[in-house]
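Listed in order, the protein sequences are those of chains D and E.
Positions in the first sequence are counted from 1; adding 6 to them yields my numbering.
Positions in the second sequence are counted from 1; adding 25 to them yields my numbering.
Keep in mind that the hints were calculated from the coordinates and are not lab data.
Take the hints with a grain of salt, since some may be wrong.
What the hints assert, rightly or not - With the Cβ distance kept under 10 Å, some of the chain D side facing chain E (calculated, not the full set): (1) F10; (2) L14; (3) R15; (4) A16; (5) Y17; (6) R18; (7) T21; (8) E48; (9) L87; (10) S189; (11) I191; (12) T196; (13) F211; (14) F243; (15) V245; (16) I255.
Using N, Cα and C, we set each Cβ at its ideal position, and we do this for glycine too.
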Amino acid sequence: MNIFMHELRAYRKSTIIWTISLIMIVLLFMSFYSSFAKDAAEFTKIMEGYPEAIRNLLGVNLGNLFTILGFYSFLLTFITLCGAIQAMNLGTSIVSKEVREKTADFLLTKPVTRTAVMTAKLLAAFISLVITNIFYLAAASIIIFQVKTGDFSFKLFIMLSLTMFFVQLLFLAVGIFISVILSKIKSVLTVSLATVFAFYFLGMFSTTGEEAKRYLSPFKYFDTAYILENSGYEATFLVAGAVIIILSIAASYYVYVKKDIHSV
Amino acid sequence: MNIFWREMKSHRKSLTFWSIGVFLMVVSGMGKYEAYSSQGQSINVLIADIPKSLKAVMGFSDVDVSKVSGYYSILFVYILLMATIHAAMLGANIIAKEERDKTVEFLFTKPLLRSTIITAKLLAAFVNIVVFNLITLISLITFLGKYNRDGEAINGHIALTMVGMFILQILFMVVGSAIASVKRNPKSVASLATGILLFSYLLSIAIDLNENLAFLKYITPFKYFEAEMVMYDGGLNIVYVLISVVVIAVLAFVTYVFFNKRDLDV
């Protein structure tokens with residue numbers, strides 16, 4: 007419990023900064039919604055002048071896209087990217103920092119098992135992410151009710167927002183796994199940014215049609231268009247995500263318990 | 026000169042990874058072009074009518090994505106983002122790592138001026154950036170050439186956008202090094218540098234969304250040399266080149282001045 011509280015305190019400042027940054031991004035983008043809605047209304051009028059065939063060409067999703075939730079799913083890609091960086095940073099640093107800051111022998115000579123250390127740290131990271139998401143959700147809800155021009159489904163809004171949390175959990179697990187596998191990480195940011203952006207770009211270039219490729223990037227596990235249409239998540243991707251999280255956490259425990267840790 | 030070679034050697038591995046990364050990105054990005062190019066002309070006429078903010082949300086742009094050059098102008102944004110992240114972290118870490126890794130007293134008790142050390146380090150970072158830029162240029166020319174079936178003259182365009190990217194790489198490198206010189210805590214330097222970078226990237230997207238923010242385009246470097254503008258609209262804009270040069274000069278100056286007076290944390 008001491009380790010847990012200590013880690014929570016150690017990451018308090020960074021959690022606060024990340025939460026505020028995420029809220030600022032939502033605020034910045036949502037403040038454009040009214041002008042966007044005006045553009046969208048005008049365009050819908052233009053669209054009515056086109057023949058049916060061309061309208062179909064542009065895709066059925068356009069109707070969804072021009073609503074406030076469509077707009078929100080657009081900016082959610084950036085929010086999720088930032089959230090993923092936060093989670094990955096957290097995961098990569100929380101275990102590896104002991105070695106880097108030469109406090110590993112202090113911590114690991116305490117009368118607690120390594121499993122207990124790992125659990126406490128995992129839990130602290132998890133709670134930090136939960137706190138970030140609670141504050142983010144609260145702020146985003148307030149913002150979206152301020153700028154809305156028509157009715158929208160609040161349930162769908164929550165479902166969309168929760169995708170960030172799921173992506174964060176994925177990156178947290180992957181981050182911890184990477185950090186216990188590498189013998190020493192000099193710069194956490196290099197590792198975490200490189201991983202997150204690698205997956206982000208991977209997702210960028212494997213969008214339409216190719217189902218198999220979507221499994222490669224966690225950013226593609228939650229398709230906002232699908233959520234808006236079916237008000238549910240895609241089960242196969244939920245399972246894939248859960249499997250990845252469980253496997254990386256289990257592997258992290260397994261490696262960490264046996265890991266050779268250099269003292270000072 | 027020893028410091029320069031030592032830095033080159035210690036960044037060799039990371040440069041290799043980054044180069045492989047940018048190469049893979051060009052390969053996978055161009056692989057996606059197949060899908061776009063088959064879509065044909067029909068949609069372009071329609072896209073022209075869509076308001077700019079809607080286009081930003083839908084991921085369309087003014088350019089003709091069925092042409093290699095048009096598609097490249099979209100791909101360029103992501104390559105630029107990657108290159109500048111590399112540059113910002115490089116500039117920040119190359120200065121801050123001595124204090125972070127507790128090697129600062131070893132290095133700074135050598136009979137060398139601090140300015141000499143900084144110069145050697147910045148030079149090493151500069152060479153790294155040049156290599157990264159050249160590798161990007163070569164991968165782009167090779168792969169765009171491969172997909173360029175209409176025989177568009179694009180190599181000149183690519184080279185020009187790479188010049189723009191190079192200026193921004195240098196800009197973000199000195200952003201990183203200036204932060205590293207000014208800021209006391211060496212651990213948070215790289216985070217702050219990339220934070221500034223991501224913020225300016227998001228700002229450039231926000232500008233696309235809302236025309237009222239157009240005046241902010243001087244603030245975010247991601248708006249300086251957009252591929253679309255560089256390729257179809259008269260090359261590098263001299264105003265932005267001047268702004269970049271001034272900012273680079275000021276930040277390089279800040280790096281030297283503050284580092285010379287820095288209270289090193291041993």
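Here is how each hint holds up against the structure:
no.: 1; hint: F10; verdict: violated, 22 Å
no.: 2; hint: L14; verdict: violated, 19 Å
no.: 3; hint: R15; verdict: violated, 17 Å
no.: 4; hint: A16; verdict: violated, 12 Å
no.: 5; hint: Y17; verdict: violated, 13 Å
no.: 6; hint: R18; verdict: violated, 15 Å
no.: 7; hint: T21; verdict: violated, 14 Å
no.: 8; hint: E48; verdict: holds, 7 Å
no.: 9; hint: L87; verdict: holds, 8 Å
no.: 10; hint: S189; verdict: violated, 14 Å
no.: 11; hint: I191; verdict: violated, 12 Å
no.: 12; hint: T196; verdict: holds, 6 Å
no.: 13; hint: F211; verdict: holds, 5 Å
no.: 14; hint: F243; verdict: violated, 21 Å
no.: 15; hint: V245; verdict: violated, 26 Å
no.: 16; hint: I255; verdict: violated, 25 Å
Hints 1, 2, 3, 4, 5, 6, 7, 10, 11, 14, 15, 16 from the list above are not met by this structure, while the remaining hints are.
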